[in-house]
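As given, the protein sequences belong to chains A and B, one line each in that order.
Remember, my numbering sits 51 above the position in the first sequence when you count from 1.
Remember, my numbering sits 545 above the position in the second sequence when you count from 1.
Hints may be right or wrong, so weigh each one.
Between beta-carbon pairs, the in silico distance windows are [unchecked claim]: (1) B:Phe802 - A:Pro233: 41 to 47 Å; (2) B:Val616 - A:Gly217: 46 to 52 Å; (3) A:Asp190 - B:Arg805: 43 to 49 Å; (4) B:Arg805 - A:Gln237: 43 to 49 Å.
Read the hints as simulated data drawn from the structure, not as lab findings.
For every residue, glycine included, the Cβ atom is placed at its ideal position computed from N, Cα and C.
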Amino acid sequence: MSFKIFKINEDLKEFMPQEIIDLEEKATWGNPKRGVMDLPYSKELLEEHSLCAGCPESAAFRYILASLPNPEDTIIVNSTGCTSLVFPHIALHTVHSLFGNQSAIASGIKRTLEWRFPDKVKDVIVLAGDGAVVDIGLDCTLQAFFRQEKITTICFDNEVYANTGGQESGMTVKGHVFKMAPKGKQWDKVPMWQLAIDSGCHYVARLTVSSPKRVEQVIKKAIYVAREVGPTYVHLYTPCILEIGLNSDDGLEEMRRTDKERFKFFEYMTDAAKEVIERKKKEGLI
Amino acid sequence: MQKTEQVQYNRAGQKIVSPEYLLFEAPRTKHFMTGSEVVKEAVKRSSVDASVSYPITPQSEAAHMIGELWVEGYVGVYFRGESEFGVMSEIAGCAMAGARTITTTSGPGTLRAMENFPMWAGSRLPIQLVLMARGINSPLSIQPDNLEVSFLLDTGCMIWHAETAQELFDMIIAGFVVAEQPDVHVPIITVIDGFFISHTREAVMLPPDDIALPPYNPYKAPMPPIDMEMSPGRFLRDPYVMKSNYISYATHTSWQFEVRAAIERSRPYAKHLLRGLIEEFGDPEGEIVFVASGTAAAQAKEATQILIHEEGIKARVVRLKTLRPFPTQELIQAVQGAKYIFVPEFNVVGWLEREVRRALYGHVDIPVIGSPRVAGGMTMPPEFIVKEILQFLGKEVKHVV
Chain A
52 MSFKIFKINE
62 DLKEFMPQEI
72 IDLEEKATWG
82 NPKRGVMDLP
92 YSKELLEEHS
102 LCAGCPESAA
112 FRYILASLPN
122 PEDTIIVNST
132 GCTSLVFPHI
142 ALHTVHSLFG
152 NQSAIASGIK
162 RTLEWRFPDK
172 VKDVIVLAGD
182 GAVVDIGLDC
192 TLQAFFRQEK
202 ITTICFDNEV
212 YANTGGQESG
222 MTVKGHVFKM
232 APKGKQWDKV
242 PMWQLAIDSG
252 CHYVARLTVS
262 SPKRVEQVIK
272 KAIYVAREVG
282 PTYVHLYTPC
292 ILEIGLNSDD
302 GLEEMRRTDK
312 ERFKFFEYMT
322 DAAKEVIERK
332 KKEGLI
Chain B
546 MQKTEQVQYN
556 RAGQKIVSPE
566 YLLFEAPRTK
576 HFMTGSEVVK
586 EAVKRSSVDA
596 SVSYPITPQS
606 EAAHMIGELW
616 VEGYVGVYFR
626 GESEFGVMSE
636 IAGCAMAGAR
646 TITTTSGPGT
656 LRAMENFPMW
666 AGSRLPIQLV
676 LMARGINSPL
686 SIQPDNLEVS
696 FLLDTGCMIW
706 HAETAQELFD
716 MIIAGFVVAE
726 QPDVHVPIIT
736 VIDGFFISHT
746 REAVMLPPDD
756 IALPPYNPYK
766 APMPPIDMEM
776 SPGRFLRDPY
786 VMKSNYISYA
796 THTSWQFEVR
806 AAIERSRPYA
816 KHLLRGLIEE
826 FGDPEGEIVF
836 VASGTAAAQA
846 KEATQILIHE
856 EGIKARVVRL
866 KTLRPFPTQE
876 LIQAVQGAKY
886 IFVPEFNVVG
896 WLEREVRRAL
906 YGHVDIPVIG
916 SPRVAGGMTM
926 PPEFIVKEIL
936 QFLGKEVKHV
946 V
């Protein structure tokens, strides 16, 4: 439909909580040029959050939601984990169904919305943790890439199962000691960004969320390419400060440190993706 | 003044008619087809938006033919998923986005997909699953058996069990209508016994194929569709989901009770469109009563004829069309006057016997005998059932099985 779905019935306005009124009056709808620079001035699509104080994931959520070019027609599918605690706080249609089936749910939603609304752009985004995307849901993740689903997949990699108390995940770095890996992880971190390239993604990026502007650029590219070409994948490092023994104000430093090593900015795009990105840049949308 | 009627068409160009016209009034012609082919014919007349498929015997052929309907423009979205787990999630995505959906599975695929079924029910998705039962791997089997139904009974889905290809056709159409009622809105699993129904031909009466059900209206659903066409209702400062507090527990509990209550509310709709939740067959005075569903009921009917006409034993069949909701009151009424209740089944655990015992306990004092029971591909010839009865009654067995 349009951002009009956020309009409040005048007769009921006096009973509505302030955050709902703010959504109508101060959020940025119908403006594809919206971005992280709006954060201090506009109503965010996230109403508080339930993550730990200083969690880099909360920063990632805020930057991503601020960067969506078409929030009034964007659906986000998530999965089980720390991220799933945040979704009821998001002012968009979101889904949590099972642990690991997020790409399958998103495939069904995307294809049905294309059938029901052939003349509209409806962006479908998968946003889930490394356990959901790479471990339990790897089959659904890769199969959605193989099928060339026009979906953007965003993985919040904290290198651990944080919500269940700090167990080793496939994205844990070799040698790191976590629960269920009491002798340290015995094998390498899964090169998920490379698997995404090999499985048919047209735009792939790996980065930390230390730079809000860069997150915005990457998210916009990934969404525009998914809309027109095919699957895209964004791999974000959002360290679990709790599980790696850092203080709540240490998250940014941890990301800046890894910016120089295993999360050094990496970007891949196919020719078709490049064409879209160049065109959107010319239009001033990226 | 003459009353004018506006004719409306669905996206496939078929004339939209009421469920009652399609099921009861439209002229029907006779065809000779398999249960798999009948699925195609039912889907063709049901204004289906989306279907996702995966190969497993014996349901594959039905799934292929839904694909043909997609090519012909009768189904909007169709593709092959990666596994039954993926398929049941993909079809859930389609339903969440506002589609009328149908998919099919069998045997082990049902258990591979298992985590999805309570999620469908809890998400109030009126997905239709046609289950062509074949049992599960214990060990590997691809033969007629309906053990997987036992696992589905408590998923929060409605479950109907068709006896014939004709009934499957009518149940698929009625299934969409009942499942999509705003006060029901839970998944519907239409079961047939695989191979017996899917792979054999029988005479089927079909209405014309240029008429179809009214399209699904997702905006009548108790949960808003995930399409960003309605305001999101979940923007909360302090969501109760996954919190460890009393309100969160109470919410989850009441939600689960509500799913079961929704199945109960389907009774009048199902009763209307299926012409009753049970069927009674045979001698109304029968002292031997078979309580059965699906193919076991068909075989029990044949056995009843032999018992009545060749053995002079008063017998009858109470056939259950629906398992969820379970027709408890109808069953209690129907078994009045019985001396013995036999429950013939095509599975090793006797899930229907358990259901019957639970429904009758404290209401009637009639012995329930979970027999005959076959599994793993064994057939259940009527003579075999007759032999069981005669032996039980201490009579001479003339038939050789």
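Hint by hint, here is what the structure shows:
About 42 Å separates the C-beta atoms of phenylalanine 802 of chain B and proline 233 of chain A, a value consistent with the hinted range of 41 to 47 Å. Range check, valine 616 of chain B to glycine 217 of chain A: Cβ separation about 51 Å, and the 46 to 52 Å hint holds. Range check, aspartate 190 of chain A to arginine 805 of chain B: about 32 Å between beta-carbon atoms, so the 43 to 49 Å window is missed. Between arginine 805 of chain B and glutamine 237 of chain A the CB atoms are about 46 Å apart, so this pair conforms to the stated range of 43 to 49 Å.
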